[in-house]
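In order, the protein sequences belong to chains C and B. Per the numbering used here, the very first residue in the first sequence carries number 1; after that it's consecutive. Per the numbering used here, the very first residue in the second sequence carries number 1; after that it's consecutive.
Among the clues, some could well be false.
[What the hints assert, rightly or not] In silico DMTMM-like pairs for lysine to aspartate or glutamate, Cα to Cα no more than 20 Å straight-line:
#: 1; chain 1: C; residue 1: K135; chain 2: C; residue 2: D160
#: 2; chain 1: C; residue 1: K129; chain 2: C; residue 2: D107
#: 3; chain 1: B; residue 1: K142; chain 2: C; residue 2: D160
#: 4; chain 1: C; residue 1: K35; chain 2: B; residue 2: D28
#: 5; chain 1: C; residue 1: K129; chain 2: C; residue 2: E41
#: 6; chain 1: B; residue 1: K55; chain 2: B; residue 2: E4
#: 7; chain 1: C; residue 1: K253; chain 2: C; residue 2: D115
#: 8; chain 1: C; residue 1: K35; chain 2: B; residue 2: D188
#: 9; chain 1: B; residue 1: K85; chain 2: B; residue 2: D143
#: 10; chain 1: C; residue 1: K36; chain 2: B; residue 2: D144
#: 11; chain 1: C; residue 1: K36; chain 2: C; residue 2: E59
#: 12; chain 1: C; residue 1: K189; chain 2: C; residue 2: D243
#: 13; chain 1: C; residue 1: K44; chain 2: B; residue 2: D172
#: 14; chain 1: C; residue 1: K37; chain 2: B; residue 2: D144
#: 15; chain 1: C; residue 1: K37; chain 2: B; residue 2: D143
#: 16; chain 1: C; residue 1: K36; chain 2: B; residue 2: D28
#: 17; chain 1: B; residue 1: K142; chain 2: C; residue 2: D115
#: 18; chain 1: C; residue 1: K189; chain 2: C; residue 2: D209
#: 19; chain 1: B; residue 1: K192; chain 2: B; residue 2: D172
#: 20; chain 1: B; residue 1: K142; chain 2: C; residue 2: D209
#: 21; chain 1: C; residue 1: K129; chain 2: C; residue 2: E177
#: 22; chain 1: C; residue 1: K7; chain 2: B; residue 2: D172
#: 23; chain 1: C; residue 1: K227; chain 2: C; residue 2: E59
#: 24; chain 1: B; residue 1: K192; chain 2: B; residue 2: E72
#: 25; chain 1: C; residue 1: K46; chain 2: B; residue 2: D172
#: 26; chain 1: C; residue 1: K84; chain 2: C; residue 2: E59
#: 27; chain 1: B; residue 1: K150; chain 2: C; residue 2: D115
#: 28; chain 1: C; residue 1: K189; chain 2: C; residue 2: E200
#: 29; chain 1: C; residue 1: K7; chain 2: B; residue 2: D188
#: 30; chain 1: B; residue 1: K86; chain 2: B; residue 2: D143
#: 31; chain 1: C; residue 1: K84; chain 2: C; residue 2: E41
#: 32; chain 1: C; residue 1: K151; chain 2: C; residue 2: E130
#: 33; chain 1: B; residue 1: K85; chain 2: B; residue 2: E4
I should point out that these hints are in silico values taken from the structure, not numbers from a laboratory. Remember, predicted model here, so these are calculated numbers, not experimental data.
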Amino acid sequence: MAGFYTKSLILVTTLIYLMALAFIVLYIFIYNSRKKKHIEEQEKLKSAFRQELLKTQIEVQEQTLNHTSREIHDNITQVLSFIKLNLALAASVDEEEKLLKINESRDLVAQVIHDLRTLSKSLSFEHIKELGLIKTMQIEADRINNSGLLKVALVIDGDDYSLGGQRELILFRIFQETLNNALKHANAKHLKINLQYSKEIFNLTVEDDGNGFSPGEVNSSGGSGLKNMQSRAALIGAVATIDSSPGKGCSIKVTLNPIEQQLYADGNYPNSPG
Amino acid sequence: MGIEKFITSNTVVEMLCLLMAGTCLWKDKSKVWKYFSFYLLIVCITELFAIYLRKVLHQNNQWPYNISIIFEISFISLMFNHLFKKYINGTKYIIMGLAVIFVVYMGEFYMHGFMLFNVITNNIMSFIFSFYALYYFYVLLKDDQYVNLKFSADFWWVIGVLLFYFGTTAVDLYWGKDDIKAKRILSDYIVKVFITLLYSCWMYSFICRRWLGSTPKV
Numbered sequence: 001m002a003g004f005y006t007k008s009l010i011l012v013t014t015l016i017y018l019m020a021l022a023f024i025v026l027y028i029f030i031y032n033s034r035k036k037k038h039i040e041e042q043e044k045l046k047s048a049f050r051q052e053l054l055k056t057q058i059e060v061q062e063q064t065l066n067h068t069s070r071e072i073h074d075n076i077t078q079v080l081s082f083i084k085l086n087l088a089l090a091a092s093v094d095e096e097e098k099l100l101k102i103n104e105s106r107d108l109v110a111q112v113i114h115d116l117r118t119l120s121k122s123l124s125f126e127h128i129k130e131l132g133l134i135k136t137m138q139i140e141a142d143r144i145n146n147s148g149l150l151k152v153a154l155v156i157d158g159d160d161y162s163l164g165g166q167r168e169l170i171l172f173r174i175f176q177e178t179l180n181n182a183l184k185h186a187n188a189k190h191l192k193i194n195l196q197y198s199k200e201i202f203n204l205t206v207e208d209d210g211n212g213f214s215p216g217e218v219n220s221s222g223g224s225g226l227k228n229m230q231s232r233a234a235l236i237g238a239v240a241t242i243d244s245s246p247g248k249g250c251s252i253k254v255t256l257n258p259i260e261q262q263l264y265a266d267g268n269y270p271n272s273p274g
Numbered sequence: 001m002g003i004e005k006f007i008t009s010n011t012v013v014e015m016l017c018l019l020m021a022g023t024c025l026w027k028d029k030s031k032v033w034k035y036f037s038f039y040l041l042i043v044c045i046t047e048l049f050a051i052y053l054r055k056v057l058h059q060n061n062q063w064p065y066n067i068s069i070i071f072e073i074s075f076i077s078l079m080f081n082h083l084f085k086k087y088i089n090g091t092k093y094i095i096m097g098l099a100v101i102f103v104v105y106m107g108e109f110y111m112h113g114f115m116l117f118n119v120i121t122n123n124i125m126s127f128i129f130s131f132y133a134l135y136y137f138y139v140l141l142k143d144d145q146y147v148n149l150k151f152s153a154d155f156w157w158v159i160g161v162l163l164f165y166f167g168t169t170a171v172d173l174y175w176g177k178d179d180i181k182a183k184r185i186l187s188d189y190i191v192k193v194f195i196t197l198l199y200s201c202w203m204y205s206f207i208c209r210r211w212l213g214s215t216p217k218v
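Just chain C, same shape as in the assembly (with noise of 0.2 Å):
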């Protein structure tokens, strides 16, 4: 009896050994086929990602040799031609008037060499990188208010820190974007842009006071370019929200969590080589 009862034992105990077995490898099945889903996914963000950032290199780029050519044609082309005849004239002048042209003429060149300076540190989308979002900033609303198409003020709050090289050329996209809308279609005569940065949030607000529009009618008739900035800053866990109304202007607001590292945006361009 006792030995059949031992034998009983062993055989159900050697059962559910072997179930809890059978359950073990399912689980190490389902974990790890769960887990190659989850890389996958994050391969493809990170694809995604990269897509993106390329993009908005070569728009950086594109809108970068806009404003270079523009610059060329209605500023330096102009001051240069205008030294070219004021040299000519000076031939035929007194002594007194010929020293005058000519100063006049060198000032002229120094401003054209300080303009050329400023251009060529900005043809290069590297210089985001090196000099950082607020001065890159900085550089772009001085640039258009020296144009005065715009009147921009720029206001930082807090303890200004990096936020990284990608994120930072993301979130100057972005300021591109609100900065060309307002130009083009908001006919506005003030920008506000406002960095706040604190320990927990980085806040980018970008006001203008033109005509405004209605967030529907947008929707309804495209608006890629406001969907794109909220694409764009979602790919660095940033949220933008849009706010506008017509005839009272619009505010954009992006919104971030400097210490939330997305897997993707490492703080490095993708050619660099770091």
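With chain C held as given, fit chain B onto it using these hints.
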């Protein structure tokens, strides 16, 4: 002396596994995998010698297993150490396990001598190897890299170990108790099933190692 006496389900599956190991692992870059064939050779020799003692000389055949268990402990610990290396430094756990098994082995040797099988050592060893196997699965799943388990030699080798050492726990625990014939037959069947499962997993593992696996042969 009929050769049929030596042909049992255990010897057949063990020799097949040895043959597979010889074919698949002979040129393996990893010395641990390569020399695992020697362990299988020792297993086959022990099994055949034990059959010879029992069926031909009609003598006690437990003592050869007390020798082969030393090789079993060493080779399987060595392989686990090798497998853990990909994820963690497991050497300290392996050395601790070896120390425990050594103490128990010597204790048993002192208690009942060399001629009786070291059951407690076998049970402790089974427990430790089952723990290693489960711990291996834990570190494997915790690791960030994905491994295709269907063709992973390491994974199937560990599955074989877990099946055998964990699956035969009940038989090991009731070894020698209520020693009636029916219980012995049942225990024999259970052990045979798990031995077949162990060597089948290992054979598949060797095939993965040689032809199917994509993991680096280190």
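We went through each hint and held it up to the structure:
1. C:K135 <-> C:D160: Roughly 11 Å between the alpha carbons, so the hint for K135 of chain C and D160 of chain C holds.
2. C:K129 <-> C:D107: Not satisfied, since the Cα-Cα distance of roughly 32 Å exceeds 20 Å.
3. B:K142 <-> C:D160: violated (38 Å)
4. C:K35 <-> B:D28: violated (29 Å)
5. C:K129 <-> C:E41: violated (29 Å)
6. B:K55 <-> B:E4: Distance of about 11 Å is within 20 Å: holds.
7. C:K253 <-> C:D115: violated (32 Å)
8. C:K35 <-> B:D188: violated (40 Å)
9. B:K85 <-> B:D143: Distance of about 12 Å is within 20 Å: holds.
10. C:K36 <-> B:D144: Distance of about 10 Å is within 20 Å: holds.
11. C:K36 <-> C:E59: violated (35 Å)
12. C:K189 <-> C:D243: Between K189 of chain C and D243 of chain C the Cα gap is close to 18 Å, so the pair holds against 20 Å.
13. C:K44 <-> B:D172: Judged against 20 Å, a Cα distance of about 50 Å means the pair is violated.
14. C:K37 <-> B:D144: Cα-Cα ~12 Å, so holds.
15. C:K37 <-> B:D143: holds (15 Å)
16. C:K36 <-> B:D28: Violated. K36 of chain C to D28 of chain B sits at ~28 Å, over the 20 Å cutoff.
17. B:K142 <-> C:D115: Roughly 57 Å between the alpha carbons, so the hint for K142 of chain B and D115 of chain C is violated.
18. C:K189 <-> C:D209: The hint holds at about 6 Å.
19. B:K192 <-> B:D172: Distance ~13 Å between K192 of chain B and D172 of chain B Cα, so the pair holds.
20. B:K142 <-> C:D209: Status violated; Cα separation ~54 Å.
21. C:K129 <-> C:E177: This hinted pair holds, its Cα atoms lying about 19 Å apart.
22. C:K7 <-> B:D172: Satisfied, since the Cα-Cα distance of roughly 13 Å is no more than 20 Å.
23. C:K227 <-> C:E59: The hint holds at about 16 Å.
24. B:K192 <-> B:E72: holds (18 Å)
25. C:K46 <-> B:D172: Answer violated: K46 of chain C to D172 of chain B is near 52 Å, above 20 Å.
26. C:K84 <-> C:E59: violated (36 Å)
27. B:K150 <-> C:D115: violated (65 Å)
28. C:K189 <-> C:E200: Cα-Cα ~33 Å, so violated.
29. C:K7 <-> B:D188: With a Cα-Cα distance of about 12 Å, the restraint between K7 of chain C and D188 of chain B holds, given a limit of 20 Å.
30. B:K86 <-> B:D143: Roughly 10 Å between the alpha carbons, so the hint for K86 of chain B and D143 of chain B holds.
31. C:K84 <-> C:E41: Status violated; Cα separation ~62 Å.
32. C:K151 <-> C:E130: violated (26 Å)
33. B:K85 <-> B:E4: violated (43 Å)
Hint compliance for this structure: hints 2, 3, 4, 5, 7, 8, 11, 13, 16, 17, 20, 25, 26, 27, 28, 31, 32, 33 are broken, all remaining hints hold.
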